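Trainee: Please arrange chain B on chain A, whose structure you already have, making use of the hints.
Here is how the chains run, residue by residue.
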Amino acid sequence: MDQFTLNLLVVGATFALYIGIAIWARAGTTAEFYAAGQGVPPVMNGMATGADWMSAASFISMAGIIALAPAGGYEQSAFLMGWTGGYVLLALLLAPYLRKFGKFTVPEFIGDRFYSGGARLVAVVCLIVISVTYVIGQMRGVGVTFSRFLEVSTDTGLYIGGALVFIYAVLGGMKGITYTQVAQYVVLIIAYTVPAIFISLQLTGSFLPQLGLVGSYAPSGGEVSMLAKLDSVVTELGFKAYTSDSPNMFNMFLFTMSLMIGTAGLPHVIIRFFTVPKVSDARSSAGWALVFIALLYTVAPAVGSMARLNLTTTFWPGAVTGTALSAPALSIAEIDSNPNLSWIRTWEKTKLLEMADKNGDGLIQYFNEPKVVADAGKVLAAANKALADAAADADKAPLEAAIVEAQAAFDAALTEGKLGDKSLAELGFKGNELTKVDNDIMVLANPEIAALPGWVIALVAAGALAAALSTAAGLLLAISSAISHDLIKGSINPDISEKSELMWARIAMTGAIIVATYLGLNPPGFAAQVVALAFGLAAATIFPTLMMGIFSKRINKEGAIAGMLAGLVFTAVYIFLFKGWFFVPGTNVYPDTADQWFFGISPLSIGTIGALVNFIVAYVVSMATKAPPAHVVDLIESIRVPKGAGKAQSH
Amino acid sequence: MADKSSANAYWAANVRIILISLAIWFVSSFGLGILLRPALKGIMVGGADLGFWFAQNGSIYIFIVLIFVYAWMMGKIDAEHGVEE
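Quick mapping for you: the protein sequence lines, in order, are chains A and B.
If you read the first sequence in my numbering, its first letter stands for residue 1, the second for the next number, and so on.
If you read the second sequence in my numbering, its first letter stands for residue 1, the second for the next number, and so on.
The hints are simulated quantities; they were obtained by calculation from the structure and are not laboratory data.
All clues stand as given, with none of them false.
Listed next, the stretches of chain B that the computed footprint assigns to chain A, with coverage defined by at least 3 CB atoms under 8 Å from CB atoms of chain A:
hint: 1; segment: 27 to 41
hint: 2; segment: 51 to 63
hint: 3; segment: 72 to 79
These numbers were taken from a predicted model, which means no experiment stands behind them.
Every residue gets a Cβ at the ideal spot worked out from N, C-alpha and C, and that includes glycine.
With the rest of the complex left out, here is chain A (with noise of 0.2 Å):
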């Protein structure tokens, strides 16, 4: 049996799984359409908020984003960190007390805490702005891994994967959405980990990633530290030690703390804790998500760094026991005659990896080009390319010159740089040759590259899927909440009848699943720059708002209108600076550049800021006006109290 067709075997059996879910966790009332009847055992929420959480970035790019970035891995920890310690906050500062009040959505809480329809408003804003930018992504993800899996063109993939999330969302609302993301748990944990397992053990002998990432480098015999091994080769091609500081140490801090805070204020996630029986079952349902989401993220690391190593010791055979440069670098015949390599043809033909033999040797040479190489080799390419493109009847001698001029530029540039000690005039090189390495690779490809049997190759194309359809579920079931709950019900027409609401939330589901798919066929330019967006506006408005509504009886209607405001502008505005207004392109006001930064606070860590803003703009309004009337106050003193938490009620 071909790849394809078991590719296509496994998919499908997962999705007639899923659907065979939806048809049996069929939602019957508004209570089970919007937080599942609150019947959900806290380790079966556990595992559900885990895929809801855990998204096609997750799954596909998080390896590779620690695996392959220029300042070396150790600075990505802080999305390991700061998407895993944003449960910590949800269970000690939010998750039991909103559920012990035990209405449906986000904005709602907002809404009575405040005692105001238009802070509840304010937050449906935040709310769909946020989940919008979010699910775009997710839908992206189908598509492409659609594309790379089954050979459909990544425009059908999107309208399959809108299709499955259709029925078993739209027909099971957060029921049917929670018992499907539990299968898509399963099946996404396992697709990672077993590639994982084996890689560990080809490279340090360790069953378990999280041991191997702390082990020793077994090809070698086992006499140096497997992250050791990685830094000493990667540093001789020219790249940054793989576990070198962060250069922005504070910006680090920074960066954690939003993906932290923002994590715990993303409505999607907290409305999970809205479908457990009891209060004590918010705060250890919690801790359960942690185990489950804990699962994939401790293996994440070990996973990136093992196939940077691999890839490199590929590449390089004679890194294995020696040096990188102590042998030849991989041959093109090598490639195409090893059936062990032929993954490199596979991945080479979706475009994940590039290469090009500049030196014309036959070999590949894999290494980071010194500044100077790569600048001159810059100038190169576009003297190259103005002479392309120059019209027929054009002058082309001072094109030609230019051509000329830079190749000796560039000459110069080879015996300048240098790797190690030697220049790469003498080593014989003209450039990295591996011109392209994708960050999804190192996830993609990791059971091809360790030779796994085909089924595992179908489980990470299944794995994948899971992983971007749950996450797109519970976003759409968020958005479609927020509408038919909190805009219809809240202020439109709050005398709807339980049945007509739950068609609402059906056709609110429906408008947003279209929607998401549009959104997905034609992303807006900036779909790579929305989850900084996403993520900090969750941390500068929705979490600091819950947090002092909780926590303060002090906090008034104004002082969160105002907080919430200040934190949306506040941060929207600082990222937009940088990024663009509305992410149009060119209408950036500063570049996007680490020394142009105000106090090196990149775009993608202002939410802690926009935070501080919230709570000190909330903090000072409220003390300027008048205190929370007195049946707010005892709305708070019962929500501090787990007794007497029952069903939720629709009123």
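Mentor: Okay, now just chain B, sitting in the frame of chain A:
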């Protein structure tokens, strides 16, 4: 909830546990994983220095233990103050 003072005592006990937990949360990630890493380079966890290991694995284990210990302690305090479900 019997009376106001017992409610306040329950809340004060909860806030105390939260503050202790947050201190551990902060030290294990921001402290050992980021700020103190350069100072602790000499201490190794297998093949990684202590700060690197805390940043990539250790802090996550601490987070898990922290949440379960918090849930367990709060369960006890709920019962002591008679506010359990």
